[in-house]
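2 protein chains.
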Amino acid sequence: MADKKNLLLLFDRPNEPVFMEKGKAAVFDVPDKFLTDRYRPISTEVQSRFGEKAEQRIPVRDIAIPDLRIPMSLPRDAQFSLFIPAHRRIAGRLIDIFMGVRSVEDLQSVAVYARDRVNPYLFNYSLSVALLHRPDTKGLDLPSFAQNFPDKFVDSQVFRQIREEATVVPEGSRMPITIPRDYTASDLEPEHRLWYFREDLGINLHHWHWHLVYPFEAGNRDVVNKDRRGELFYYMHQQVVARYNLERFSNNLARVVRFNNLREPIAEGYFPKMDSLVSSRAWPPRFEDTKLSDLNRELDQINLDVSDLERWRDRIFEAISQGFATDESGNQVPLDDVRGIDVLGNMMESSILSPNRRLYGDFHNMGHVFISYSHDPDHRHLESFGVMGDSATAMRDPVFYRWHAYIDDIFQEHKARLSPYSVPDLSYDGVSVTGVQVSPEGGRPNVLQTFWQQSDVDLSRGMDFVPRGNVFARFTHLQHTPFTYTINVNNDSGAQRFGTVRIFLGPKTDERGQGMLFKDQRLLMIELDKFVVSLNPGQNTIRRRSTESSVTIPFDRTFRNLEASRPAAGSAEELEFNFCGCGWPNHMLIPKGLPEGLRCELFVMISNYDQDRVREIYTFKQVHKQFFLNFNTLSQIEQQLVGSCSDAASYCGVRDRLYPDRRAMGYPFDRLSRVGADRLINFLTPNMSIVDVVVRHENRVALRNS
Amino acid sequence: MADKKNLLLLFDRPNEPVFMEKGKAAVFDVPDKFLTDRYRPISTEVQSRFGEKAEQRIPVRDIAIPDLRIPMSLPRDAQFSLFIPAHRRIAGRLIDIFMGVRSVEDLQSVAVYARDRVNPYLFNYSLSVALLHRPDTKGLDLPSFAQNFPDKFVDSQVFRQIREEATVVPEGSRMPITIPRDYTASDLEPEHRLWYFREDLGINLHHWHWHLVYPFEAGNRDVVNKDRRGELFYYMHQQVVARYNLERFSNNLARVVRFNNLREPIAEGYFPKMDSLVSSRAWPPRFEDTKLSDLNRELDQINLDVSDLERWRDRIFEAISQGFATDESGNQVPLDDVRGIDVLGNMMESSILSPNRRLYGDFHNMGHVFISYSHDPDHRHLESFGVMGDSATAMRDPVFYRWHAYIDDIFQEHKARLSPYSVPDLSYDGVSVTGVQVSPEGGRPNVLQTFWQQSDVDLSRGMDFVPRGNVFARFTHLQHTPFTYTINVNNDSGAQRFGTVRIFLGPKTDERGQGMLFKDQRLLMIELDKFVVSLNPGQNTIRRRSTESSVTIPFDRTFRNLEASRPAAGSAEELEFNFCGCGWPNHMLIPKGLPEGLRCELFVMISNYDQDRVREIYTFKQVHKQFFLNFNTLSQIEQQLVGSCSDAASYCGVRDRLYPDRRAMGYPFDRLSRVGADRLINFLTPNMSIVDVVVRHENRVALRNS
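The listed protein sequences correspond, in order, to chains A and B.
full-length UniProt numbering applies: residue 1 is where the first sequence begins, and numbers increase by one.
full-length UniProt numbering applies: residue 1 is where the second sequence begins, and numbers increase by one.
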């Protein structure tokens with residue numbers, strides 16, 4: 001019987017033929033007729049050449065192969081993007097094929113056959129989706145996308161150096177190749193100050209993973225129809241923009257300017273300096289002041305005008321102004337307080353859950369496509385899309401934030417129409433926060449510390465046609481000293497109570513050093529943590545470590561150092577491991593400070609858990625399982641969440657569960673403030689508190705202890 | 001004693017460390033202290049690793065190494081361009097070092113030491129110049145530049161495929177990798193019709209070689225000061241533009257539009273789709289409608305405004321209008337009939353022979369630089385130059401021809417001021433051409449035939465960190481059926497006479513199908529051949545094969561298939577072999593036809609050799625030799641030219657000799673026509689003739705017989 005783990009070997013070195021050594025000296029015994037035309041005539045020669053050194057031989061059964069013509073219609077050396085509808089259809093077909101075969105053994109045969117015939121990105125995506133959804137392949141740890149396709153994350157120069165190191169130096173003596181700190185631009189370009197955020201491996205992996213977990217289209221509607229996914233689209237990206245703006249403040253830059261005039265040249269240029277190892281082409285740059293143009297790209301089956309985007313946008317605005325969207329049957333779909341943002345998220349992104357894609361189109365996705373093709377809108381130059389066309393690379397580009405600032409602005413148009421939270425909506429009778437403090441390890445209270453750190457990631461799984469053995473790339477990223485929140489809470493109710501602790505960080509002043517109005521500051525509040533506490537009557541002291549944040553995942557999980565962090569085989573954790581790749585990287589939890597200190601306000605609120613909890617007993621459809629949840633006590637909650645990767649739930653939700661907070665995402669900052677509360681200080685109810693915090697950056701580089 | 005031939009091994013695989021196998025299993029025994037910091041600590045390990053398989057070990061003497069700080073100031077992974085003055089200075093220093101060492105053995109030591117420390121392009125260029133000029137290294141056959149740096153000539157996708165072929169397939173079973181026919185753009189882009197011309201390997205190698213042979217700057221002035229080099233700069237490029245325009249006619253495109261308004265966006269975009277293997281960066285594209293901007297690139301020490309270019313141009317025009325330039329002492333340098341064009345060529349290019357670089361600047365060179373940096377004029381994006389910044393790649397870009405059409409237009413401003421050739425200037429008393437015919441092998445008279453051909457070039461010398469053994473790339477290029485000119489000449493003088501046969505081809509009609517005026521047609525006449533004949537009294541029939549053309553070099557020499565075409569060691573031919581890389585590729589002698597036939601006029605003239613011959617007994621300075629020439633008889637001429645690679649003299653001159661034709665280059669088409677001769681037919685004197693010729697293109701692909 002085939003071992004399902006061997007399927008993972010098919011992700012290794014995506015351009016090397018399937019009969020070459022995979023993993024640690026494993027070789028597939030490929031039926032001759034499975035070989036491609038190039039290798040079939042010299043099958044004995046090449047198979048014995050690589051088979052000789054094998055320590056493990058994996059038999060591959062010769063079975064009848066389903067029709068692969070549609071998956072093979074995407075050239076092997078093309079770029080692949082889920083933003084392109086034609087590519088989604090091709091992927092859907094291959095997923096269906098992988099889902100449809102009877103057994104792991106047959107899946108292995110089909111995948112081995114397909115691997116050297118279909119586009120490597122397409123293969124990786126489709127096999128990943130199938131392995132995540134087939135009942136007989138659950139629990140497999142997919143290797144990190146950055147390890148299989150480092151070319152989407154790393155300076156192209158690194159590959160030449162890795163090739164040299166791996167060819168010249170025997171494994172024991174190899175040294176890590178250092179990725180330069182900022183190689184894409186110089187300080188002449190003000191936007192370049194944000195390189196460490198935009199080009200962070202962890203942030204880009206998070207974004208790729210988010211879109212993998214929340215696809216906007218799939219053959220099986222259940223895969224898309226996850227709880228509040230439209231709202232999560234809004235919230236996760238709103239937070240990204242808020243975080244980016246906070247980083248801008250700490251780099252003496254003003255908030256990002258919305259890209260709200262689609263006819264205006266995009267001032268910011270971006271030169272990614274990355275090469276695709278699959279297409280052997282560089283990711284195209286965008287020069288300064290490039291304009292969007294009408295698209296007519298036959299191969300992608302995209303024929304759209306800039307005015308199509310404008311019309312979609314205007315209809316979305318119209319729906320917001322009217323308070324309802326119109327579905328395909330002409331019925332009104334209310335954009336109300338509770339569900340409105342979710343509907344709007346699906347409309348704007350758009351996902352197949354959009355109430356009416358014919359009317360509201362595909363605004364956000366196609367914005368990415370228009371921007372990514374601005375250098376070659378009619379394909380005359382045979383150019384592929386720029387980094388904005390791929391969720392693994394889009395966040396590198398300054399225009400990503402301008403585009404999403406505009407997307408967010410439209411969402412806020414809706415949020416501004418909702419009634420502000422009243423005092424009862426916000427307060428928690430009998431519960432008051434009496435003190436808040438953050439204490440970094442070995443540092444002064446309320447002074448957070450950031451610095452640079454160097455970490456290593458093994459790229460050998462992605463280095464095609466390079467001698468075997470690990471080769472590490474060493475990259476520099478932001479880091480902060482871990483810290484602890486100490487929150488003093490009075491529970492005057494005389495009974496045990498449950499509360500949700502909500503912690504946000506925001507700037508204390510605007511770009512001019514002036515205090516901010518609530519309506520502006522609320523958009524800059526970044527969520528740091530959210531967790532449920534039990535409050536005994538009287539004084540309570542809550543301590544929480546920054547590493548426990550509900551927003552982030554630990555460094556090792558971001559980079560999937562599988563050997564180090566892999567959960568025990570067959571454990572509940574293992575089941576969920578793949579979902580867990582989604583999560584803001586912990587090393588980016590806190591924005592980079594300033595040498596003299598970035599002045600912030602830390603906001604803490606304890607809301608009434610009775611109003612926060614996801615109460616309903618419900619069935620949540622998943623391909624093969626049903627989950628019944630009924631939380632009654634905190635310990636039960638905790639139990640339920642074990643193994644469901646709840647630790648980055650704020651931006652990623654929880655796998656196969658409802659979003660674990662009934663409140664609107666971003667609560668209490670997702671709406672305008674009530675009358676009279678025009679500044680944060682006036683907004684506070686007794687169950688909230690703020691404290692001044694300073695983020696201090698030290699310009700030193702520390703090497704991660706391994 | 002060191003064998004000078006081993007020096008050539010240092011060109012192989014320019015990014016691989018010097019201690020790795022070179023050529024056919026040769027290894028340099030490198031002194032430990034010569035190794036770079038990365039390899040010195042593991043010297044034993046790596047040297048024995050690669051030394052084991054060696055069939056030839058080359059001892060390298062441990063000597064004191066000159067100061068390499070200046071050559072090492074250019075980063076290893078930078079692009080290198082002779083258009084950038086700072087790079088020229090750096091190269092000059094390294095050339096001086098290579099020229100200055102005492103013996104071949106010491107040169108080998110210094111070169112081995114320098115090889116892994118200086119930029120590989122810089123190393124190749126400087127060592128090439130030194131080997132060409134040192135007396136003790138004369139006669140070495142430099143390997144083809146395209147073989148060492150295929151990344152400057154070939155689609156980046158080819159390298160991935162070559163890496164696969166070389167890794168997976170043992171040498172005997174390898175197949176050539178096909179370079180796609182037109183991979184840089186599609187037919188939506190009208191300019192793309194000319195891909196086969198602009199991206200031809202042979203044409204780009206010719207251009208690179210021309211600029212190697214005719215540098216515009218060098219530490220040693222004699223290297224620059226070659227006979228009529230300024231005029232040759234004008235003429236070679238004039239002919240390139242004329243040839244390009246003829247190709248445009250055969251692709252239903254109008255003549256190229258001069259880039260004469262430096263403030264206007266460049267309409268033509270170009271996406272080279274090539275990666276530099278040295279810098280691990282793609283050659284940057286140029287989007288459509290990119291404008292020139294003022295340059296401020298500190299690293300290149302270039303700080304120039306577009307208005308500087310404009311001022312230089314205006315001063316050049318002023319000199320032309322006044323009929324003299326002004327040298328640095330304020331003296332007038334006449335721009336007269338004989339020397340004017342040569343002075344102007346050196347002024348415009350400019351070379352160090354320019355009468356006044358402070359006044360006339362560096363117009364043509366800096367035009368290349370401005371265009372090549374238009375995407376990143378202040379280096380904020382850390383981008384290197386585009387293809388226009390390198391003589392090996394510039395001709396790929398449509399704007400090359402727009403720029404040179406403008407350069408040529410300025411030259412023509414001068415030519416238009418000269419008195420037209422009178423009838424006596426043109427005629428040859430007693431000699432008349434009575435008939436002209438061209439006969440392609442196996443074809444109809446006066447119908448030339450073009451088609452596509454595929455040829456292979458071995459790229460293994462340039463494929464760093466790839467397993468050993470030949471790997472061929474198969475590329476498609478234009479080809480024509482060889483043909484023979486038959487020219488009937490009457491010599492009525494009653495004595496033996498010598499004549500120079502001048503053969504040109506031009507279009508019969510303009511873009512609208514109308515007959516052309518001489519003043520327009522003359523600019524489109526491309527030189528096909530020029531040779532000296534002896535004419536007996538009475539009827540003479542001259543037969544000449546197209547392969548003998550004075551413009552072209554044979555295919556094998558273009559691609560330096562050294563094994564196949566190498567002259568006997570020590571022979572006179574070998575001495576000159578390196579010069580011979582310069583020459584228009586024979587496969588591009590004839591413009592691509594049209595299926596229905598491109599209508600052309602073939603022009604033949606026999607001029608009086610007494611007025612053409614280079615008569616003077618002269619000394620022509622060369623680093624270590626003097627040549628005394630005195631031609632008296634045709635046989636003596638032929639003898640003198642043996643071994644001097646005279647067979648592509650028209651565009652390249654003859655090494656260490658005067659340009660072998662005293663007439664103005666391009667004669668008789670370099671000036672306007674006399675009064676009354678406003679069309680070619682009226683221009684003819686009895687020693688000239690024209691015949692209608694059609695070029696027919698057959699859209700088939702033939703594989704070169706090897």
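Hints were generated in silico from the structure; no laboratory data involved.
Hints are not guaranteed to be accurate.
If several chains are the same, the list does not tell them apart, and a pair holds so long as it fits within one copy or across any two.
The calculated lysine to aspartate or glutamate pairs, modelled on EDC-like cross-linking and capped at a C-alpha distance of 20 Å, are [stated by the list, open to error]:
no., residue 1, residue 2
1, Lys24, Asp692
2, Lys33, Asp67
3, Lys138, Asp337
4, Lys53, Glu164
5, Lys33, Asp294
6, Lys24, Asp141
7, Lys291, Glu268
Since the structure is predicted, the reported quantities are computational estimates derived from the model, not experimental observations.
> 20 Å Cα cut-off: does Lys33 pair with Asp67 within a copy, between copies, both or neither?
Replying inline: within (15 Å within a copy, 61 Å between copies)
>> For Lys291 and Glu268, with the copy left unspecified, which applies at a CA distance of at most 20 Å: within, between, both, or neither?
In response: both (11 Å within a copy, 16 Å between copies)
> From the Cα coordinates, with 20 Å as the cut-off, is the pair Lys24 and Asp141 best called within, between, both, or neither?
Replying inline: Answer is within; shortest intra-copy Cα gap is 16 Å, inter-copy 46 Å.
>> Treating 20 Å as the Cα threshold, decide for Lys24 and Asp692: within, between, both or neither.
In response: neither (53 Å within a copy, 71 Å between copies)
> Between copies, within a copy, both or neither: which fits Lys53 and Glu164 at Cα up to 20 Å?
Replying inline: between (23 Å within a copy, 19 Å between copies)
>> If the cut is 20 Å between Cα atoms, do Lys33 and Asp294 qualify within a copy, between copies, both or neither?
In response: neither (45 Å within a copy, 60 Å between copies)
> For Lys138 vs Asp337, is the C-alpha pair at or below 20 Å within one copy, between two copies, both, or neither?
Replying inline: neither (38 Å within a copy, 86 Å between copies)
Of the numbered hints stated above, those contradicted by the structure are hints 1, 3, 5, listed in ascending order.
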